[in-house]
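Colleague: Counted from 1, the sequence shown has number 106 at position 106 by this note's numbering; the numbering is strictly sequential.
Everything labelled a hint here was simulated from the structure, so no lab data went into it.
Quick list of simulated restraints, FRET-style, between CB atoms:
{"id": "1", "residue 1": "83", "residue 2": "4", "range": "42 to 48 Å"}
{"id": "2", "residue 1": "20", "residue 2": "237", "range": "23 to 29 Å"}
{"id": "3", "residue 1": "98", "residue 2": "203", "range": "23 to 29 Å"}
{"id": "4", "residue 1": "246", "residue 2": "101", "range": "25 to 31 Å"}
{"id": "5", "residue 1": "136", "residue 2": "242", "range": "37 to 43 Å"}
{"id": "6", "residue 1": "198", "residue 2": "126", "range": "38 to 44 Å"}
{"id": "7", "residue 1": "110", "residue 2": "190", "range": "23 to 29 Å"}
{"id": "8", "residue 1": "161", "residue 2": "190", "range": "23 to 29 Å"}
{"id": "9", "residue 1": "21", "residue 2": "83", "range": "36 to 42 Å"}
{"id": "10", "residue 1": "15", "residue 2": "83", "range": "41 to 47 Å"}
{"id": "11", "residue 1": "82", "residue 2": "16", "range": "39 to 45 Å"}
Because the structure is a prediction, the values reported are computed rather than measured.
Using N, Cα and C, we set each Cβ at its ideal position, and we do this for glycine too.
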Amino acid sequence: MSIVYDILASAPGISILSFVALCLVSFLTSAVSAAFGLGGGAALVAVMASLMPPLAIIPVHAVVQVGSNFFRAILMRRNILFTWMPPFVVGTIIGAAIGGQIVFALPKYLLQGLIGVFVLYAVWGPKIKAMDPTRNRFATIGALASFATMFAGATGPLIAPFIKASTNNRMMTVATHAAFMSWQHGVKILAFGMLGFAFAPYLPLMTIMIFFGVVGTWSGGFILNWMDEKIFRRGFNLVLTVLAIRLLIEAGREIAV
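Assemble the whole structure, with the sequences as input and the hints as a guide.
Modeller: Here it is in structure tokens:
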């Protein structure tokens with residue numbers, strides 16, 4: 001039991017209850033992403049922003065999302081469209097390099113506020129209209145999304161319209177989106193590592209969250225078979241909205257102090 005306690009208490013600034021909650025949320029949000037292609041990342045970062053030290057949110061989220069998205073991409077590898085991957089990766093590297101110079105200078109309230117606003121926009125904002133896919137456009141969206149993800153964490157909704165416009169069916173859309181997000185989060189991990197973020201203290205938490213995320217990815221279709229999709233989407237959007245509003249309220253309190 002002492003080993004289990006040591007693991008649960010190992011992450012700096014995170015209580016044992018929060019550790020367990022993050023692992024369970026990783027499972028649930030990965031199941032959501034596996035079933036619908038996106039949405040889980042935004043929910044996960046919203047929860048993490050309420051339970052983790054501010055500077056650890058985005059780097060740890062990136063590691064967990066690589067595990068979830070890469071596993072989903074491997075499962076669906078035959079459906080991935082690689083045509084636009086090279087320019088997207090180039091753009092991602094540029095965006096992460098620029099965003100990385102700014103992110104550590106952000107105060108806690110501003111980071112919480114940015115995540116809260118982004119989650120609300122992802123749920124209720126107008127959907128981005130994608131133009132015809134070209135190399136330049138995928139390089140541009142890669143750079144913009146990568147820059148934004150250094151602050152907001154989950155930018156899947158920004159990329160999704162362009163992936164959808166370039167793919168022929170839902171299986172290809174979900175698989176390609178998972179592959180693109182794996183690259184984006186992977187580059188982000190490298191950027192945070194080069195900027196000096198210490199991943200090691202969070203290794204037990206990240207490992208267990210990735211495990212739960214992999215199980216959630218595999219279980220996604222089974223879990224949602226017995227649930228009405230409309231009811232699920234409404235409930236999911238409501239939960240995301242509450243989490244985002246809570247982050248904005250916390251940010252407002254920080255400003256008021």
